[in-house]
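Residue numbers (UniProt numbering), protein chains in the order written: chain A, 1 to 325; chain B, 1 to 460.
Because the hints were derived from the structure by calculation, they are not lab data.
Errors might be hidden in some of the hints.
Unchecked claim - Coverage of chain A stretches by chain B, computed from C-beta distances (three or more under 8 Å per stretch; other residues unrestricted):
1. 8–15
2. 20–27
3. 67–75
4. 249–259
5. 271–279
As the list claims (entries may be wrong) - A few chain A residues facing chain B, derived, Cβ under 7 Å:
6. Asp132
7. Val244
8. Ser325
What the hints assert, rightly or not - Computed beta-carbon distance windows for the label pairs:
9. B:Pro18 to A:His85: 55 to 61 Å
10. B:Arg114 to A:Glu51: 50 to 56 Å
11. B:Gly252 to A:His85: 49 to 55 Å
12. A:Gly294 to B:Arg443: 47 to 53 Å
13. B:Asp72 to A:Gly294: 30 to 36 Å
14. A:Ala175 to B:Gly277: 45 to 51 Å
15. A:Arg58 to B:Lys77: 52 to 58 Å
16. B:Met453 to A:Arg58: 43 to 49 Å
Idealized CB from N, CA, C, for every residue including glycine.
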Amino acid sequence: MSRLHVVSGKGGTGKTTVAAALALALAADGKRTLLVEVEGRQGIAQLFETEALPYEERKIATAPGGGEVHALAIDPEYALLDYLHMFYKLGSAGRALKKLGAIDFATTIAPGLRDVLLTGKACEAVRRKGKDGKFVYDSVVMDAPPTGRITRFLNVNHEVAGLARTGPIHNQAQAVMRVLKSPQTAVHLVTLLEEMPVQETADGIAELRADGLPAGAVIINMVRPAILDHDAVEIAANGQRAAVAKALSQAGLGGARRGGLAERLVDPLLEQAREHAERVGLERTQRAELSDLGLPLHELELLTDGIDLAGLYRLAADLRKQWPS
Amino acid sequence: MSMDVAPWLETDALLDNPQTRIVVCCGSGGVGKTTTAAALGVRAAERGRKVVVLTIDPARRLAQSMGIDALDNIPRKVAGVGDENGGELHAMMLDMKRTFDEFVEAHADPERARAILANPFYQSLSAGFAGTQEYMAMEKLGQLRARDEWDLIIVDTPPSRSALDFLDAPKRLGSFLDGKFIRVLMAPAKVGGRAGMKFLNVGVSMMTGTVNKVLGGQLLRDVQTFAAAMDTMFGGFRTRAEATYRLLQAPGTAFLVVAAPERDALREAAYFVERLGADRMPLAGLVLNRVHGSGAEQLSAERALAAAEILSMADAAMDPATAPDPEPETEAEPEAELDPDASDPADPGDGEENLADGGFVDRDSGKTQARNPSAADPDVSPTSADTSAERLAAGLLRLHAERMQVLGREQRTHDRFTALHPEVPVAQVAALPGDVHDLAGLRAIGERLAVPMERPQRAG
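Pulled out of the complex, with its shape left as it was, chain A reads as follows (with noise of 0.2 Å):
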């Protein structure tokens, strides 16, 4: 069972509403997960309607049945620093690295080395045990970058490989890599039922797989209900015209003559359903060629009010029961 869960998607298919809704589900009951964000954008904290996170785990929501929602906003400077203090009791030494510009220098310019302090963080989380010898988290959940970019962002190792062949940064490296492909983590990419992210999402998962990291499931964010089909529109708009501005006429919105209140609704009305049964067929498209990556697919409704707390609820209840337990 995965207990490191990496949510990545194309931008605009809201992997961080995901991330969190995840967060939720799998901490019901009881258990107690960690979200963590690694782009420091405060996304999290936008969405769980809070201040902006710091560098510190704090519990940011409760879950259903008692179980608690922790999340972290990992910045590269502090994780460093942080590693520092842990590796090599550097307290006093960090600080001056710091003031000389040498922490920010090894966390922007040199991107391995960031995404090895990011991915690391996040990794140590997973692993760590409580005074008991439990785990403190019984799953952590990241808001990873975008599908273009997150092989590249996973794969530390390759990344590092080039820069450090020996040396502390190579071996810790080494042991996050290790957790990242074994079966204690999952890869779950988000997406729409439009063209462009489903292709991203076909590519995000070959490179993944070609790099021999675990894909988890697919999630098809922002689904909305098919209301009418192609041939039901058709058939509205050739045989039963007339019929149709007697039905509006008949509930009350004007007259169904020629020129009539309801039969004026007719045109834009059908307008919109021709609209509407053409996406409902690209849709069908793209949800046939997702269920040929050979993944788990899960889908959340689109919430039509937007997203605020009450709706992050919903979709984590949404989520937890499609997910396997």
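Given chain A, put chain B in place with the hints provided.
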């Protein structure tokens, strides 16, 4: 309700103006930046200008629609665009690493260039540094502008983590390579490696000692060699970064902030607008993509739903007696529990039968009940098998209600932006039902960018 009305962004006037030489499309990820850049390129070329579009990371089919499938840094002419009016469209995809390599080759002597290109630290930096893409996009823009072969350069920006990256990257990269730390690191290499350490003051040697311990000796040596080799280019970096920055501020440049009518995207857009203002960058306006409209805005979501309800009830009451359809199940409510597939989403094959048929969704009552969109019962959908006029009309009304809710939400987020930045001209681009991946699609988007969207005043 909308109180402020934003001025219309006159896209054609902007594209036609010979003084406009650079258009920069910026915005958060997933809002259609690249598509907007490509559509503007097609439109400008068909209006007679000689245009080059610089894309950063286009989706494959979008790139193919412009005939670029190679990431080779060379602008290629797009066939069949602008021929009638003497315009031309060229398109290219940025190859970040190659741009960096070319920069090194142009600014260092051959021997030094070879040393830099072979350095592992350089290879990591050039391929993936968080700011490299932004920096190289701007470097390429500077190069294209210097060639002066095009009337108009349209540039897409990288999908940055935040608005800051794109404007800050040139300065940041410059300041890193120019900074205190790299100078300290370089010191031993300059005076001949470890043998020279004794000439350094104690503080610095302690520092390099620490770095050595943490990073490992080989990495430190690579960084030192890299820094030493790059030394001659530091000035080059800074000068170029400053020149690009000034080019962006110049009157011939126009920034377009691209967004979708969603809360996060517009928040990011507002931030872009403020940031461009603070940096005195010339903002032309906001492009709001994927805006929904309706030809029946006079009918509110609430009335449409109420009417749909009436029709469904009438339909259900009539059905057993009059309908030729023998099926007894006719309630217009989804029954998620009845669908065995709903609880087994781990099976990737299960979605297929349910694809076409979602259930009727009453958004009002739907909020209080658990509903799985993938599990809608096919029986309740008005497909071709079941097409009483009442059902069809109810379906049309529910679709309309959904559309009006989307409209309302988009209008509210848009209003919030307008309240904050009433001075920013806006072009609203009506949503297309499908994706854009050919020239015809790009033309359609261009048309929508240029012609104000019809949005009649809503009654009640």
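Quiz prompt | Arg443 of chain B and Gly294 of chain A - C-beta distance against the hinted 47 to 53 Å | solution = For Arg443 of chain B against Gly294 of chain A, whose Cβ atoms are near 38 Å apart, the range 47 to 53 Å is violated.
Quiz item: That 49 to 55 Å hint for Gly252 of chain B and His85 of chain A (C-beta), does it hold up?
Solution: Given a distance of about 51 Å, which is inside 49 to 55 Å, the answer is holds.
Quiz item: Are three or more residues of the region 20–27 of chain A within 8 Å, CB to CB, of chain B?
Solution: Per the Cβ count (0), the hint is violated.
Exercise. Mind taking a look at whether chain B covers the region 8–15 of chain A? Criterion is 3 or more residues with CB to CB distance under 8 Å.
Key: n = 4 at 8 Å, threshold three: holds.
Quiz prompt | 50 to 56 Å as the expected CB spacing between Glu51 of chain A and Arg114 of chain B, which holds or is violated | solution = 52 Å, holds
Exercise. Could you say whether the range 52 to 58 Å given as a hint is met by the Cβ separation of Arg58 of chain A and Lys77 of chain B?
Key: 56 Å, holds
Quiz item: Minimum Cβ distance from Val244 of chain A to chain B below 7 Å?
Solution: 5 Å, holds
Quiz item: Are there at least three residues in the region 271–279 of chain A whose beta carbon sits under 8 Å from a beta carbon of chain B?
Solution: Three-residue rule met by the region 271–279 of chain A, so holds; n is 7.
Exercise. Check, residue by residue, whether the region 67–75 of chain A contains three or more positions whose beta-carbon lies closer than 8 Å to a beta-carbon of chain B, and give the verdict.
Key: violated (count 0)
Quiz item: CB of Ala175 of chain A to CB of Gly277 of chain B, is that within 45 to 51 Å?
Solution: 46 Å, holds
Quiz item: How does the Cβ-Cβ distance of Asp72 of chain B and Gly294 of chain A compare with 30 to 36 Å: does it lie in that range?
Solution: Roughly 34 Å apart at Cβ, these two residues keep to the hinted range, so it holds.
Quiz item: Would the hint on Ser325 of chain A stand, with a C-beta cut-off of 7 Å toward chain B?
Solution: Where the cut-off is 7 Å and the nearest Cβ of chain B is about 11 Å from Ser325 of chain A, the hint is violated.
In this structure, the earlier hints numbered 2, 3, 6, 8 and 12 are contradicted, and the remaining ones agree with it.
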